[in-house]
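Student: So you can see what is in the structure, the chains are spelled out below.
There are 2 protein chains.
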Amino acid sequence: MDTSDDESTGVGGAAENKKPPAKAAGKGKAAGKGKAAAGLKASAKESSLLKQKSPAEFFAENKNIAGFDNPGKSLYTTMRELVENALDSSESISELPDIEITIEEITKSKFNTMIGLVDRERVDEALYDDFESEKAREKRLAKEARFQETQAKNAALGKKVKDAPAVRGKGRGEAAFFKVTCKDNGRGMPHDDIPNMLGRVLSGTKYGLRQTRGKFGLGAKMALIWSKMSTGLPIEIKSSMKGQNYTSFCRLDIDIHKNVPHVHLHEKRENKTHWHGAEIQVIIEGNWTTHRSKILHYMRQMAVITPYAQFLFRFLSDAADKNLTIKFARRTDVMPPIPLQTKHHPSAVDLLLIKRLIAETTKQNLLQFLQHEFVNISKSHAERLIGEMGPDFGPKMTVKSLTSQQLVRIHQLFRQAKFDDPSGNCLSPAGEYNLRLGIIKELHPDMVATHASSPQVFEGHPFIVEAGISIGGKDVKHGLNIFRFANRIPLLFEQGADVITRTALKRINWSSYKINQQQDKIGVFVSIVSTKIPFKGTGKEYIGDDITEISSAVKDIY
Amino acid sequence: MDTSDDESTGVGGAAENKKPPAKAAGKGKAAGKGKAAAGLKASAKESSLLKQKSPAEFFAENKNIAGFDNPGKSLYTTMRELVENALDSSESISELPDIEITIEEITKSKFNTMIGLVDRERVDEALYDDFESEKAREKRLAKEARFQETQAKNAALGKKVKDAPAVRGKGRGEAAFFKVTCKDNGRGMPHDDIPNMLGRVLSGTKYGLRQTRGKFGLGAKMALIWSKMSTGLPIEIKSSMKGQNYTSFCRLDIDIHKNVPHVHLHEKRENKTHWHGAEIQVIIEGNWTTHRSKILHYMRQMAVITPYAQFLFRFLSDAADKNLTIKFARRTDVMPPIPLQTKHHPSAVDLLLIKRLIAETTKQNLLQFLQHEFVNISKSHAERLIGEMGPDFGPKMTVKSLTSQQLVRIHQLFRQAKFDDPSGNCLSPAGEYNLRLGIIKELHPDMVATHASSPQVFEGHPFIVEAGISIGGKDVKHGLNIFRFANRIPLLFEQGADVITRTALKRINWSSYKINQQQDKIGVFVSIVSTKIPFKGTGKEYIGDDITEISSAVKDIY
Numbered sequence: 001m002d003t004s005d006d007e008s009t010g011v012g013g014a015a016e017n018k019k020p021p022a023k024a025a026g027k028g029k030a031a032g033k034g035k036a037a038a039g040l041k042a043s044a045k046e047s048s049l050l051k052q053k054s055p056a057e058f059f060a061e062n063k064n065i066a067g068f069d070n071p072g073k074s075l076y077t078t079m080r081e082l083v084e085n086a087l088d089s090s091e092s093i094s095e096l097p098d099i100e101i102t103i104e105e106i107t108k109s110k111f112n113t114m115i116g117l118v119d120r121e122r123v124d125e126a127l128y129d130d131f132e133s134e135k136a137r138e139k140r141l142a143k144e145a146r147f148q149e150t151q152a153k154n155a156a157l158g159k160k161v162k163d164a165p166a167v168r169g170k171g172r173g174e175a176a177f178f179k180v181t182c183k184d185n186g187r188g189m190p191h192d193d194i195p196n197m198l199g200r201v202l203s204g205t206k207y208g209l210r211q212t213r214g215k216f217g218l219g220a221k222m223a224l225i226w227s228k229m230s231t232g233l234p235i236e237i238k239s240s241m242k243g244q245n246y247t248s249f250c251r252l253d254i255d256i257h258k259n260v261p262h263v264h265l266h267e268k269r270e271n272k273t274h275w276h277g278a279e280i281q282v283i284i285e286g287n288w289t290t291h292r293s294k295i296l297h298y299m300r301q302m303a304v305i306t307p308y309a310q311f312l313f314r315f316l317s318d319a320a321d322k323n324l325t326i327k328f329a330r331r332t333d334v335m336p337p338i339p340l341q342t343k344h345h346p347s348a349v350d351l352l353l354i355k356r357l358i359a360e361t362t363k364q365n366l367l368q369f370l371q372h373e374f375v376n377i378s379k380s381h382a383e384r385l386i387g388e389m390g391p392d393f394g395p396k397m398t399v400k401s402l403t404s405q406q407l408v409r410i411h412q413l414f415r416q417a418k419f420d421d422p423s424g425n426c427l428s429p430a431g432e433y434n435l436r437l438g439i440i441k442e443l444h445p446d447m448v449a450t451h452a453s454s455p456q457v458f459e460g461h462p463f464i465v466e467a468g469i470s471i472g473g474k475d476v477k478h479g480l481n482i483f484r485f486a487n488r489i490p491l492l493f494e495q496g497a498d499v500i501t502r503t504a505l506k507r508i509n510w511s512s513y514k515i516n517q518q519q520d521k522i523g524v525f526v527s528i529v530s531t532k533i534p535f536k537g538t539g540k541e542y543i544g545d546d547i548t549e550i551s552s553a554v555k556d557i558y
Numbered sequence: 001m002d003t004s005d006d007e008s009t010g011v012g013g014a015a016e017n018k019k020p021p022a023k024a025a026g027k028g029k030a031a032g033k034g035k036a037a038a039g040l041k042a043s044a045k046e047s048s049l050l051k052q053k054s055p056a057e058f059f060a061e062n063k064n065i066a067g068f069d070n071p072g073k074s075l076y077t078t079m080r081e082l083v084e085n086a087l088d089s090s091e092s093i094s095e096l097p098d099i100e101i102t103i104e105e106i107t108k109s110k111f112n113t114m115i116g117l118v119d120r121e122r123v124d125e126a127l128y129d130d131f132e133s134e135k136a137r138e139k140r141l142a143k144e145a146r147f148q149e150t151q152a153k154n155a156a157l158g159k160k161v162k163d164a165p166a167v168r169g170k171g172r173g174e175a176a177f178f179k180v181t182c183k184d185n186g187r188g189m190p191h192d193d194i195p196n197m198l199g200r201v202l203s204g205t206k207y208g209l210r211q212t213r214g215k216f217g218l219g220a221k222m223a224l225i226w227s228k229m230s231t232g233l234p235i236e237i238k239s240s241m242k243g244q245n246y247t248s249f250c251r252l253d254i255d256i257h258k259n260v261p262h263v264h265l266h267e268k269r270e271n272k273t274h275w276h277g278a279e280i281q282v283i284i285e286g287n288w289t290t291h292r293s294k295i296l297h298y299m300r301q302m303a304v305i306t307p308y309a310q311f312l313f314r315f316l317s318d319a320a321d322k323n324l325t326i327k328f329a330r331r332t333d334v335m336p337p338i339p340l341q342t343k344h345h346p347s348a349v350d351l352l353l354i355k356r357l358i359a360e361t362t363k364q365n366l367l368q369f370l371q372h373e374f375v376n377i378s379k380s381h382a383e384r385l386i387g388e389m390g391p392d393f394g395p396k397m398t399v400k401s402l403t404s405q406q407l408v409r410i411h412q413l414f415r416q417a418k419f420d421d422p423s424g425n426c427l428s429p430a431g432e433y434n435l436r437l438g439i440i441k442e443l444h445p446d447m448v449a450t451h452a453s454s455p456q457v458f459e460g461h462p463f464i465v466e467a468g469i470s471i472g473g474k475d476v477k478h479g480l481n482i483f484r485f486a487n488r489i490p491l492l493f494e495q496g497a498d499v500i501t502r503t504a505l506k507r508i509n510w511s512s513y514k515i516n517q518q519q520d521k522i523g524v525f526v527s528i529v530s531t532k533i534p535f536k537g538t539g540k541e542y543i544g545d546d547i548t549e550i551s552s553a554v555k556d557i558y
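Residue numbers (my numbering), protein chains in the order written: chain A, 1 to 558; chain B, 1 to 558.
Quick caveat, the hints were computed from the structure, so don't treat them as lab data. These numbers come from a predicted model, not from an experiment. Treat the hints with caution; some may be incorrect.
The list makes no distinction among identical chains, and a pair is therefore deemed to hold if it is satisfied within one copy or across any two copies.
[Said to hold, decoys possible] List of simulated lysine-lysine pairs, DSSO-like, C-alpha gap at most 30 Å:
hint	residue 1	residue 2
1	K322	K294
2	K238	K51
3	K327	K400
4	K532	K153
5	K258	K355
6	K418	K108
7	K242	K51
8	K143	K521
9	K183	K400
10	K258	K51
11	K532	K294
12	K51	K183
13	K363	K51
14	K418	K135
15	K343	K51
16	K474	K418
Let the sequences and hints guide you as you build the complete structure.
Tutor: Given below as structure tokens:
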């Protein structure tokens with residue numbers, strides 16, 4: 001693509017080119033000037049107003065980054081974040097997880113009662129979005145009549161009969177509210193830490209290098225932010241740690257601007273039952289209709305990959321026929337080992353990380369630092385590496401006195417040197433036994449086969465892939481049913497671009513296994529665990545297909 | 001999916017089920033206990049160590065969120081963030097943009113000289129990743145010989161000849177460094193604001209409601225964070241505002257832990273040439289080989305959508321044959337109007353936003369607040385809305401005294417009430433004239449047609465879609481060539497899932513336009529502008545296909 005001759009290139013020869021674009025240009029210019037002046041004013045004012053945002057504000061405004069794209073997705077994400085925290089907590093004390101999730105629908109009038117707002121009847125009907133003026137009503141009825149006429153004609157002529165055109169609304173309507181409660185039998189939280197653990201974005205205890213379900217330390221806090229945005233109601237936490245003779249109760253919200261917890265109530269209550277664990281309750285806007293199926297799929301897939309846990313899922317509403325109680329029973333007492341915190345692999349560190357490790361180390365000299373703060377560097381290996389760094393370096397030199405140039409030298413050597421692959425010992429795959437059991441208990445297939453890879457490595461991070469294939473079963477569609485897991489959580493969205501889906505669909509020759517890809521009921525289960533799951537980042541590269549207005553506008557323009 | 005009978009269900013009847021999983025279970029249990037104990041210790045220590053991260057640390061550790069997935073993508077993203085800031089800056093003062101981008105490759109030895117590090121020859125060869133032991137060498141040669149023998153046999157038998165197996169490396173190798181410089185003729189930055197504008201994450205001037213190229217206020221700061229991670233070198237800024245008799249010069253990096261700028265040098269220098277604008281220079285690790293084509297596509301597409309700008313793109317290296325100079329010439333002086341800051345639409349606000357608007361408003365009473373802080377609420381409309389809110393509300397009530405219940409009432413009414421759609425006046429589409437011109441100047445097609453939609457709306461945000469179709473041209477592949485733009489920036493990644501691509505590929509019947517979708521050289525151009533581009537958020541739903549180790553591990557497991 002050499003466009004260096006672009007200067008001298010004339011415009012193309014098509015008829016379109018010759019229309020003088022005078023009108024557009026003129027309009028553009030005039031508009032440009034008028035608006036430019038206004039714009040300038042605004043911008044001049046602005047440039048002296050450099051604004052600083054708190055991380056809580058940032059995530060409130062970009063909540064889609066954390067999976068809170070819309071009310072339905074927010075309900076789903078709230079539920080799964082609470083469930084994943086609960087599992088982590090129970091497992092961290094080697095307790096077989098026992099988790100209860102309740103989603104309770106709250107009508108607007110019940111919601112208003114909760115917050116002490118008197119319900120008002122509509123007075124000025126014409127103010128409302130669903131108001132239909134007399135004229136609009138006549139128009140609609142006439143249109144419907146015309147449509148039915150055409151239908152009758154078409155039917156008479158044997159033509160295909162179309163569906164009635166959908167009434168186009170703005171899709172806003174009434175908000176639906178839900179109380180989401182998740183209770184576990186886990187570690188609980190230290191009484192004094194509760195406000196900061198839930199009311200401060202980017203604070204957390206899971207920041208070490210370890211296979212974890214969570215990734216960003218955002219989960220429950222995002223649920224709290226979403227409740228502030230949609231209902232304004234605080235979050236409620238009950239918690240008790242093993243052996244505590246009290247239960248902590250805390251009601252709090254978050255000061256978004258300062259990113260600090262705002263505590264309404266924080267007290268110790270009697271703990272008669274010796275319960276330990278945490279119960280978190282949040283009231284948010286949601287959409288059960290659109291995300292019911294995702295939520296149930298999530299629960300079922302979680303039950304597949306976590307057969308040693310017991311889940312009780314309930315949906316409660318005023319309409320008894322919508323209510324649900326699903327118990328996913330425990331099928332084994334064999335729990336995978338707890339993932340262990342591990343040290344960094346020398347080939348996976350950057351300059352910033354080396355600096356941080358030096359700032360945090362308790363080791364005095366370079367030799368000890370290399371030997372103890374990384375995996376796969378033995379003492380003799382460390383000595384050879386120091387020798388290779390050059391005459392400015394020595395094993396006894398104080399590690400905290402290294403200059404930035406010397407850090408670059410170490411970084412460069414780490415990049416080029418050979419190190420053994422990190423071991424997978426710190427990882428906690430589901431295990432073939434658990435995976436098989438989970439598939440059998442939830443799908444009841446005719447046949448199931450599983451396999452686990454040995455630990456492998458990318459960018460210094462170990463990973464293990466486990467897979468299962470099932471044929472037949474209950475509630476399984478014909479064709480491929482793909483179940484994806486990363487660090488033992490189900491992945492349900494953006495399936496199309498995922499490495500697992502692509503591999504299953506395109507790179508596997510199913511017929512060589514005598515499997516009919518279209519007709520058999522095939523379950524494909526792939527689980528990846530790692531100290532770093534390479535989730536694909538969102539840049540600004542992607543416009544979703546799910547905003548119907550834009551989708552149809554793009555279509556309509558042709 | 002009713003699994004409430006799960007308790008009583010026996011396991012399936014397949015042969016696989018009957019294998020006693022004793023070994024796996026036993027191993028799991030034992031490992032579980034041993035590790036659990038170790039894990040407990042680590043966790044107990046941890047729970048008292050609630051850590052707080054700064055936003056700079058968060059983005060350093062999750063840099064893929066901002067498009068810094070790997071060195072190649074980081075080079076691309078650094079370049080595009082600088083170009084987009086430059087365009088915004090020139091346009092903000094109604095200056096026809098004149099932008100120079102230089103990417104200069106820096107060899108490791110040049111880089112080391114720059115930072116004052118003495119180059120060292122390798123001494124202990126066996127330490128390095130590319131070292132091949134005598135034994136490994138023999139093994140490889142034997143393998144190659146066997147392969148050639150098989151090849152010869154196959155060829156003799158008329159069988160298909162396979163490619164030689166690729167040598168599997170770890171894909172780390174030497175880092176490549178690049179100096180990226182971007183110079184514009186824009187507004188420049190106020191001298192005293194420079195450190196905070198570049199050395200503090202989540203600070204910015206573009207946070208109002210307006211069509212902007214940037215979205216997160218992260219761009220240049222992420223480039224700085226990436227330079228800290230990969231080279232440790234500071235960023236350099238030259239800037240001058242119109243009429244200033246000096247140029248600001250600033251060299252700074254960022255204290256990641258505190259999220260504050262760390263200024264090395266900040267001074268005023270003589271400005272003899274009366275230049276105004278900004279020049280930013282950053283030295284980072286990158287990968288030109290893998291992302292060269294994306295970078296050039298980006299520049300070309302930016303030239304299509306911005307024909308009133310002049311771009312000079314240069315790639316410089318020690319290898320003269322790799323060097324590039326591409327000039328994308330200005331083709332028109334007609335600039336689209338500057339996007340204007342606008343007020344929020346009442347149907348697009350949440351509770352938090354209403355609170356913030358109340359905190360920030362200068363208006364005294366509710367009537368003035370409704371009338372002046374939102375679009376599409378006239379005085380009489382505001383009066384009717386206040387009447388509808390109920391007897392507790394009145395036009396004269398002090399807006400800052402509203403209780404949280406009253407805010408919920410306002411929010412509920414905003415959700416249900418009908419408001420006119422926001423106008424598209426604040427938007428700045430490229431314009432059909434510019435889009436056509438851009439297509440012609442960069443592609444030289446045989447035919448081009450363009451169309452613009454009238455403003456439409458989603459969730460209270462106006463948007464405009466413009467589209468173009470071209471047939472034939474220079475450097476255009478056969479079939480569909482899709483060019484996507486959002487707020488006048490090209491989108492190059494994650495094409496497959498994008499609404500534009502999906503629409504073009506699946507929902508348009510090309511043959512009805514007498515276009516052959518396979519054989520013709522079709523350019524499809526779609527540009528969307530809005531005060532809110534609904535970029536699809538990535539949660540934890542997606543594992544990329546581009547990490548070959550995982551991709552092949554998933555494949556190999558079958």
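Student: For each hint, tell me whether it holds in the structure or not.
Tutor: Hints and how they fare:
Taking the shortest alpha-carbon separations for K322 and K294, only the intra-copy value of 16 Å comes in at or below 30 Å, while the best inter-copy value is 50 Å. Taking CA atoms no more than 30 Å apart as the test, K238 paired with K51 passes between copies only; the shortest distance there is 22 Å, against 37 Å inside one copy. For a Cα distance limit of 30 Å, the shortest separation of K327 from K400 qualifies neither inside one copy, at 55 Å, nor across copies, at 48 Å. When the C-alpha separation of K532 and K153 is checked against a cutoff of 30 Å, the pair qualifies neither within a copy, at 63 Å, nor between copies, at 45 Å.
For a Cα distance limit of 30 Å, the shortest separation of K258 from K355 qualifies both inside one copy, at 28 Å, and across copies, at 15 Å. Taking the shortest alpha-carbon separations for K418 and K108, only the inter-copy value of 19 Å comes in at or below 30 Å, while the best intra-copy value is 63 Å. Proximity of K242 and K51 under a CA criterion of 30 Å is satisfied inter-copy only: 23 Å between copies versus 45 Å inside one chain copy. Taking the closest pair of Cα atoms, K143 and K521 never come within 30 Å of each other, the shortest separation being 46 Å inside a single copy and 42 Å across copies.
For the homomeric pair K183 and K400, neither the shortest alpha-carbon distance inside one copy (45 Å) nor that between copies (38 Å) is at most 30 Å. Taking CA atoms no more than 30 Å apart as the test, K258 paired with K51 passes in both settings, with 13 Å inside one copy and 17 Å between copies. When the C-alpha separation of K532 and K294 is checked against a cutoff of 30 Å, the pair qualifies both within a copy, at 25 Å, and between copies, at 26 Å. Proximity of K51 to K183 under the C-alpha cut-off of 30 Å is restricted to the inter-copy arrangement: shortest distance 24 Å between copies versus 40 Å within a copy.
Taking identical chains as interchangeable, the C-alpha atoms of K363 and K51 lie at most 30 Å apart only when they sit on different chains, with a minimum of 21 Å there against 41 Å within one chain. Within a single copy, K418 and K135 get their C-alpha atoms only as close as 79 Å, which misses the 30 Å cut-off; across copies the closest is 16 Å, which meets it. In the homo-oligomer, the alpha carbons of K343 and K51 lie at most 30 Å apart only across protomers (18 Å), although the nearest pairing inside one protomer, at 38 Å, exceeds that limit. Within a single copy, K474 and K418 get their C-alpha atoms no closer than 50 Å, and across copies no closer than 47 Å, so neither meets the 30 Å cut-off.
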